[in-house]
Amino acid sequence: MSARPLRVVGHPVPRVDAIEKVTGRARYVTDLTLPGMAHAKVLRSPYAHARVRRVDVTRARARPGVFAALAGADLTWCDPYYGPAYRDRPVLAIGVARYEGEPVAAVAAVDEATAEEALELIDVDYEPLAPVMTLEEALAEDAPLVHAGQPPAGHFADLSTLRPRPGTNICHQFQFARGDAAAALGGADVVVEDAYRFPPVQHVALEPHAAVAAWDETGALTLWASTQNPYSVRVELAKMFDVPLARIRVVVPHLGGGFGSKTYAKLEPLAATLARAAARPVRLAASVPEAFQTVRRCASRVAVRAGFRRDGTLVAVACDADYDVGAYADIGPRVVQKGTYTATGPYRVPHVRLEARAVYTNTTPGGAFRGFGVPQLAWALESLFDVAADRLDRDPVDLRRQNFLAHGEEFAPGDTPIDGKLEESLSRAAEAIGWTRAPAADRGRGVAAMLKASVAPSVSEAIVRLHADGSVTVLASAVEMGQGTRTVLTQIAAEVLSVPLARVTVVQPDTAVTPYDQTTSSSRSTAMTGRAVQVAAEDVRDQLLAIAAQNLGVAARELALADGALVAPARRLTYPEALALKFGMSGGELIGRGVIAPGRTAAPLGGSTPFWEMAVGAAEVSVDEETGAVRVERYVSVADVGRAINPLLLEGQDEGGVVQGLGHTLLEEMLYADGHLLNGTLLVYRVPRADDTPSELECHFVENADGSGPFGAKGAGEGSLIPVSPAVANALARLTGVRLRDLPLTPERVWRALRARSPRA
Amino acid sequence: MLRPFTLHRPETAEEACALLAGLGEEAAAYAGGTELLLMMKLGLLRPRHLVDVKRIRGFGDIGLEPLSGRRLTIGAAVTHRAVEQSALVRARCPLVSSVARHVANVRVRNVGTVGGNLAFADPHSDLATLFLTLDASVELLSPRGRRELPLDDFVRGPWETSRASDELLGSVTLTPWASDTAAAYVKFGVHERPTLAVAAALRLDGTTGAGRNGRDRIVEARVAVGCVSLKPVRMAAAEARLTDLSIGDLDDAARAAADAAAAGVDPADDLYGSADYKREMVAVFVGRALRIAAARARGAESAARFPHTVVA
Amino acid sequence: MTIRLVVNGRPRDLEVAPHALLLDVLRDTLDLKGAKRSCDTQVCGACTVLVDGLAVSACTYLAVEADGRSVLTVEGLADGESLHPLQRAFVEAGAVQCGFCTSGMLLTAKAMLAENRTPTRDDVLHYLRGSLCRCTGYRKIVDAVLAAAETAR
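Heads up: the protein sequence lines correspond to chains A, B and C, in order. Here our numbering is used: position 205 in the first sequence is 205, and no number is missing along the way. Convert by adding 1000 to the 1-based position in the second sequence; the result is the number in our numbering. Convert by adding 2000 to the 1-based position in the third sequence; the result is the number in our numbering.
Bear in mind the hints are in silico, worked out from the structure with no lab data behind them. No residue lacks a Cβ here, since even glycine has one placed at the ideal position from N, Cα and C. Mixed in with the good hints there might be a few duds.
[What the hints assert, rightly or not] Derived lysine to aspartate or glutamate pairs resembling EDC-like cross-links, with alpha carbons at most 16 Å apart:
#  : chain 1 : residue 1 : chain 2 : residue 2
1  : B       : LYS1054   : B       : GLU1026
2  : A       : LYS421    : A       : GLU410
3  : B       : LYS1041   : A       : GLU116
4  : A       : LYS239    : A       : ASP79
5  : B       : LYS1054   : B       : ASP1122
6  : A       : LYS421    : A       : GLU116
7  : A       : LYS421    : A       : GLU409
8  : A       : LYS582    : A       : ASP542
9  : B       : LYS1054   : C       : GLU2065
10 : B       : LYS1041   : A       : GLU117
11 : B       : LYS1041   : A       : GLU410
12 : B       : LYS1054   : B       : GLU1014
13 : B       : LYS1041   : C       : ASP2067
14 : B       : LYS1041   : A       : ASP79
15 : B       : LYS1054   : C       : ASP2067
16 : A       : LYS582    : A       : ASP706
17 : A       : LYS421    : A       : ASP79
[What the hints assert, rightly or not] Output of the computed footprint for chain A on chain C, the stretches with three or more beta carbons under 8 Å from beta carbons of chain A:
#  : region
18 : 2041–2050
19 : 2074–2084
20 : 2107–2118
Whenever a hint applies, use it, and build me the whole structure from the sequences.
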């Protein structure tokens, strides 16, 4: 089954859900109504840090039309704490509010207006406490503690060794070392070092978080949730309510964008709690400002030292990274350790010392966001790499090329060897941007490269059902959030079973129906869930071959699958015919199963990455020196994807990743003052608009079929975003001589830096 | 969602004023609702009564003021889109037509009104800045009668006007510039509302021809800067520096005028920029607006395009 | 208050409160879920519908204002099962990802094409300045609109 050209895989087929989305028929969580459904509203803390002395919901509860009014103290009948790393986050604040916007009380009522009015009937006594709003404040000696005690650990194996520093706001520490970095730096010919800051930013998925929860008369719970990992939500709820996993069902219709904001439980526990108290289904929908108060990217301060030999060989990297994970850890500890793990980027470095800390602050919890810690590290290392190139009088592209890890080379002992050709991505990017041709006088160019591991160990399972009429259902729990996974899974199944795309249906994720998938994140759905679907489809294929072989008296190896039929020289058996032969009637189905579970390994993070995500970005910028406004005129992204299952959707992903990267590079920053978030609305939080897109934007793909995913595929979607900020800053530095270290590169910041360089005449 | 309210739809200004007078603080005038309804959704305003002004005779009109036959009157309920599309506005005050095209976004322009914009006195209002260069006056109606106020007296500060609670803004009247006037409107900023806006109008002495020979004299200059002080301001010092200059000398002199303007604003640190940055940007953009106007005086259109900048 | 309007070509008589927002009436009373609530502040465009051919933010527009008018939502774009050229262009160009911004983009583009049959890229950018997308990076959306304009000519 190899040399034959692929029928649908590798082709830019339109996405399978396109029609429903352009006609408005696609259903998202907030489009759902259940009979008797109540509407929830949340009362949130106005303080970044406060003792919650008393919450009185009596008047709210008594208001006609209110079905439930809850405060933290009411949650005696469940475990009110959840969280994937630490179970540190209460459904409703208990005794203390740890960030501005933390849910303190909630109401479920007959309609939204009643619920809102009921919130005003809730009395809360706060005793404001001193907050820690920044890394510096949180790490200071005798800083107020965001969490007084040690919360219990959550449910992830790779974080079973959570390492907090008791008595401080440090909730996790990660260290990695190889060789003797201190000595190597001491002996290096050229040492460069600097510190870089990455701001807190919000995902701003157009659809804010939402959930509809309903308990049935048997005590089983169903949730329709805007989540990227229904199985993670399920296990949280099971623990909270002490209900078996089998009696919790999480269903995910279309997701209006995720980018990591909808990984791990967010609003679901509260929706479920209210539904139980109200004894009816409850719909809880966040607003955009509430999304800003639910999750954000972990901000960071990263200090890097890199030592080079005179000939440009990178010999040592020492990195100290502090990540602000906000008031609750969410998946922050893994962001920190996973991001820091590839702090050395795509380079060969014999001597390494990496230290990172996840730090609590009294701000919106930091969690997963496209890139998962790597943008923060790449911002630092890739900027510093250009500083080094300058000091070594070397071309930045050349210097990177010289130090790249080679295809097949080890990244770390026990982990998967490098499975791509970084040099190829770099060359294509350099060529596309015209690196060797001088830019126009008012333009500057810069490059950056990245390397990222995917979450490991992880599990994806899938089921493929071949029905009596030859149509196919794919059951898999990868969530469609715009990236196109439903389409890719359709293509994979259709390819293996040689049926038309229109004959394959991928159902929505539903933990009662679609088997376990760990998460839709980490660029893993094509490689892992896709592989599970491929294996499941191959299982069905093998069953078909066995049926045909037996009934046609032909060896299986002489059979081929083509157009919904098994074909041998001079014989042809359609799938319906094959099933009829097997079952002796027109009915029955073939079921195939795929389980992708590489398991734990000796790799430093507990599992070997299923693939390495690697990409290069090249930017050409101009700057309006009088205002400091930077414009990215041209941008090239090259991602090494192994095989583009759907080039059209992949290109769309990467174009989106680049522009989202321009957001934190030039425009986005959550700003706090006096404990308050100043810009949690789109009126003053600026995300990229259509006219921010570079006039020339190219996304290229290196396809050497060298991945472990289906048809040689690897993962993609984060690689396009990660290099953006250092590529742009490097371009700006080459154009103006000015090096900025704090994102975003707003006009004012750039203007100030330019003034510091040369006073206005 | 919104709290319940009673919607009144008077057909005459008298009716509307009587309602506002009678209901007092419980009522708000309502036209397009792009500002009012947003404030209500955010819970910042909770009027129990909305007095819809869109049916009031005359409020939707654009016309020449009968008295002078020259001044242009725009009814309070005229939408930004209607201003943009009006042949009369384009003929008499073409820059007003161009600026209307760039207020907020297309949806706000379709529904939002000139009256609502001025009455709300958002400190970032494009119209409030531009109209300062057009001798704008607003008409205020009340049970006591009618009064006309210069725009600069009407707008007192951020979201603050001289309108009494029982007064209704009925219209705004502009004095079109003389035909030999070269003008430009430039706004700069990253957010939904701009960091600063500059309106510059240069009335030229047309006796030596239509500006192409470079010897035209600037008879009168008007420069207004918005968003950076408590309200839009005319930059008298800058205007003085430009008067009697030849258009040909403007590119050199623009810097001095721009600096004078920068000295004349009173910015504060906020989400739109630090005070010193805003001050410097005033200088930059007054200079740019003047150079664009100068090019237009010469019959040319400057090709310069600046990031995060709208040029009308 | 009783309002009489035409929604997607169909006359409707509705009883609405003065404070009801058009977005909620369309979504909850008429079950037209295509328009979405996102920013709720007129910035993002996800709630865009056309009233007498003009794009409005339904999240900040009183339902009573639609009295006597014609409202077009995304559900009214296609002609039965036959897609509108804009819809077809979005599908072919790959201009749809999560889909939450899509109905707003389509309707805004339709309003633009009604006014300007030969838009330049800058014209499209001007019109779409108030329509946000977080998934696509806009490139394919703008391409799709220009392609649809081309097809329509």
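Taking the hints in turn, this is what the structure says about them:
no., hint, in the structure
1, B:LYS1054 with B:GLU1026, "19 Å, violated"
2, A:LYS421 with A:GLU410, "13 Å, holds"
3, B:LYS1041 with A:GLU116, "12 Å, holds"
4, A:LYS239 with A:ASP79, "7 Å, holds"
5, B:LYS1054 with B:ASP1122, "21 Å, violated"
6, A:LYS421 with A:GLU116, "56 Å, violated"
7, A:LYS421 with A:GLU409, "10 Å, holds"
8, A:LYS582 with A:ASP542, "14 Å, holds"
9, B:LYS1054 with C:GLU2065, "10 Å, holds"
10, B:LYS1041 with A:GLU117, "13 Å, holds"
11, B:LYS1041 with A:GLU410, "57 Å, violated"
12, B:LYS1054 with B:GLU1014, "14 Å, holds"
13, B:LYS1041 with C:ASP2067, "22 Å, violated"
14, B:LYS1041 with A:ASP79, "35 Å, violated"
15, B:LYS1054 with C:ASP2067, "14 Å, holds"
16, A:LYS582 with A:ASP706, "38 Å, violated"
17, A:LYS421 with A:ASP79, "49 Å, violated"
18, 2041–2050, "holds (count 4)"
19, 2074–2084, "holds (count 5)"
20, 2107–2118, "violated (count 0)"
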